[in-house]
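If you're matching them up, the sequences are chains X and Z in order.
The opening residue of the first sequence carries number 1 in my numbering; numbering runs sequentially from there.
The opening residue of the second sequence carries number 1 in my numbering; numbering runs sequentially from there.
Just to be clear, a hint being listed does not mean it is correct.
[Unchecked claim] Quick look at which bits of chain X chain Z covers, simulated, 3 or more residues with Cβ under 8 Å:
hint : segment
1    : 43-57
2    : 96-110
[To be verified] In silico BS3-like cross-links for lysine-lysine, where the CA-CA straight-line distance does not exceed 30 Å:
hint : chain 1 : residue 1 : chain 2 : residue 2
3    : Z       : Lys201    : Z       : Lys290
4    : Z       : Lys290    : X       : Lys59
5    : Z       : Lys340    : X       : Lys140
Read the hints as simulated data drawn from the structure, not as lab findings.
A quick note: this is a predicted structure, and the numbers were derived from the prediction, not measured.
Ideal placement from N, C-alpha and C gives every residue a C-beta, glycine not left out.
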Amino acid sequence: MSEGPLSDVRVLELPGAAGAYCGKLLADLGADVIKVEPPGGDPSRRLPPFFHDDPHPEKSLYFFAFNTSKRSITLDLGRADGRALLQRLAQRADVLIDCFPPGHMESLGLGYESLRQLNPALVYCSITGFGLWGPHAHYKCSDLIAVAMSGMMYLAGFPEDPPNRPYGDQSYYCASVQAAAGILTALLHRDRMGRGQLVEVSMQEALAMNQETAMQYWDLRQELRRRQGEGRRLPSGEWFRVPGIGTYECADGHVYLMIGVPGFGAPISVLIQWMAEEGMAQDLTSPEWQEVFSRLDLRLLVQLYQGADTSAAQEWLPRFRHVDGIIEAFVRTKRKQELYEEGQRRGLLVAPVNTPRDVLENRQLNERGFFQEIEHPELGTTFRYPGPPYRLHGTPARIWRRPPRIGEHNREVYLGELGLTEAELAALAGAGII
Amino acid sequence: MTGDELPLKGIRVADFSWFGAGPIFTMALAHYGAEVIRIESQIRPDGLRLTQPMPKDRPPGINLSGYYNNFNAGKLSFSLNMASQQGRELALRLIAKSDIVAENFTPGTFEKWGLTYERILQVKPDIIMVREPMQGLSGPHRDFAGFGAVITPLAGISYLSGFPHRPPVGLGTNYTDYVINPGHALVATLAALRYRNRTGKGQLIEVAQFESSVNVISVALLDCAANGRVQERQGNRLPYACPHGAYRCQGDDRWVAIAVFSDEEWEAFCRVVDEEWVRDQRFATLLGRKAHEDELDRLIESWTSQREAEEVMEQLQAAGVPAGVVQSAADTLDRDPHLKARGYYHYLEHPEAGRTAYDGPGFRLSETPGGPRGPAPLLGQHTEYVCKQVLGLSDDEIADLVAEGVLQ
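Please model the entire structure based on the sequences and the hints provided.
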């Protein structure tokens, strides 16, 4: 028995990449999550990257990332015996996670309406691209299609380029987070009423909030937010950056600065003081420039961003270019972690554009013991995983065990928990069902 | 509707959070029945109340921000001056009558108000206290300043997203503020609430936004930890799918996303496009397409750019190819027939902003359908309700508090 808060919850997770992070969240919180894989393994076991680049289904780092703390059984849902076994498993489960397209489980006789007859307390969670009903419900989806249709992709990238897909199947994370929240809400209801229900997650809807303010700009002002890349473009096409706000190249990469936005961190004068200490402020410490900076308030910035007043832009852009050039030269002399630590010490909003290695080496994460060393005895190695996204100080979430091997828990689940005999298990294995 | 009560009915949340990641989390609790009381003040309003977008052609106002309103649907607003001793005492009394207390200030702010976890336990032993600091409640960077815009680069998301020839500018938004961080806080809180219902024990939950956000690049982190590889930006491409990208269509900044994974999808794609070049043998296999991806992308765009994005999507989807319009907010709100049929956006009447759109819930429950149960509150709209119904104050006591500037 784990000490996680969900140690009383049993989950069946059917194949599909979109729901794997949901299963991981529940498993790391202590639930018993059984991953039901087709014989040969879940399709996501074939996704790169692989451990030491060896494309083997037991070595997919993609699979590892989403499947900690789970158990694995194999089961062919295309066979009658496989479906009968799933029904037995569902009878003793609290939650089932289904990422098949709408109608697929019904076609197997395993849809929500069938399974709830067997187990009225079951919480059945469906994760699909567009939900279970509506004119696009049958549309094929992938991460790229989901981020496109949600509106979030339209906002990412440079205006000259195609809109950008965010790295790393973000739609699966977002849909899974929403699914886990939906499952837990439904469990709270079940605890009180004794009945389960259907949790429906549409990836498009799960992602929609990521549009930030774009929807409201359209609703309230009929203004379309577009991708800006770096800095801002005036209606004339002229490009500018408000000095101190944006992504700057430094000695070993990039940093993001957000300096001088009223209410967020120290003002730009603190940056100029720092530059002056290093002899790199040029003329920016002069009274004329001090006077200029004192006029830079939020209203002016908004005015320039919206480009309504081109005379203001004409007045300000040459100044911005002058100041920005001096800041760029200063930033280029320093390393990103130095800019981060020293900038933050001075109260400036500075962040390094961290690489994955920078994240693994980050002081804060390491001193807080964020990463967990997970042993993979079969690979003869141990490496670090990101820890859970939250800390429950009474009932910790953690990675309880390494991701499972294909069908690793067949015997303990089918023999020990479902009560199959050795002969039955051998027959099912021989027939390729398990 | 079966008439079941919403799952979180009877749960009260003392919500001290502000900006994005906190209020969106507590809004989900409100969607499903919790009574969420925002503690705000005229003196130190939520920054989003002062932020665009607000309705056009009117002077700005503290109740008009769409940014704020969309994250606070169905909540109550209690204006309380936390700079006063009496204000802090009332806050503690409110917490004593709540199940959950939420905050996302810089560490130390709550302590400065005397609202430590230990103190709160004295008045509410089974409280669930949710704190969402940037960097965590401990560690060498605990006091570093930050908010969503800084988390995206810090967590490695910016470095990995976008085209390789561009600087790593991120996703154009404070991405993890809207689903990832509030969603993680929600999952932890609901798990803790169930645990409390089972055992009677509350607990402290810490959602360091940095740690929460880092989880969404977990694959790249494992690649680095196990293989020593630092992944780089790949634009819209994937190693195992081709074509995979966004292609220009007819009109102003119109694009369609196309993702071909299997041979069947490629063959279906070829049937729809039906141009000479799709029969080029170099494109017959995934490896062939990957080897000539730049050329293939140009050819595809020569075809899409003569068509409307919706038309390309519909034709490809009808043939079984994953495709979707790169929708703008105008598309998702006004044009997408699917979101419209499903009623994803809710239009609610707000006393000052009028009839405006709100995002619906991120998940749907068949028996207890939640969602926005009312518009966002005006600042201090429910102060009297909270004072009387929750805190049990008399009219005289309330009048004194108003006179002393505590309820502003």
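Each hint tested on the structure:
1. 43-57: With 6 residues closer than 8 Å to chain Z, the segment 43-57 of chain X meets the three-residue bar; holds.
2. 96-110: violated (count 0)
3. Z:Lys201 / Z:Lys290: With a Cα-Cα distance of about 56 Å, the restraint between Z:Lys201 and Z:Lys290 is violated, given a limit of 30 Å.
4. Z:Lys290 / X:Lys59: holds (24 Å)
5. Z:Lys340 / X:Lys140: Given that 30 Å is the threshold and the Cα spacing comes to 19 Å, the pair holds.
When held up to the earlier numbered hints, the structure conflicts with 2 and 3 and fits the remainder.
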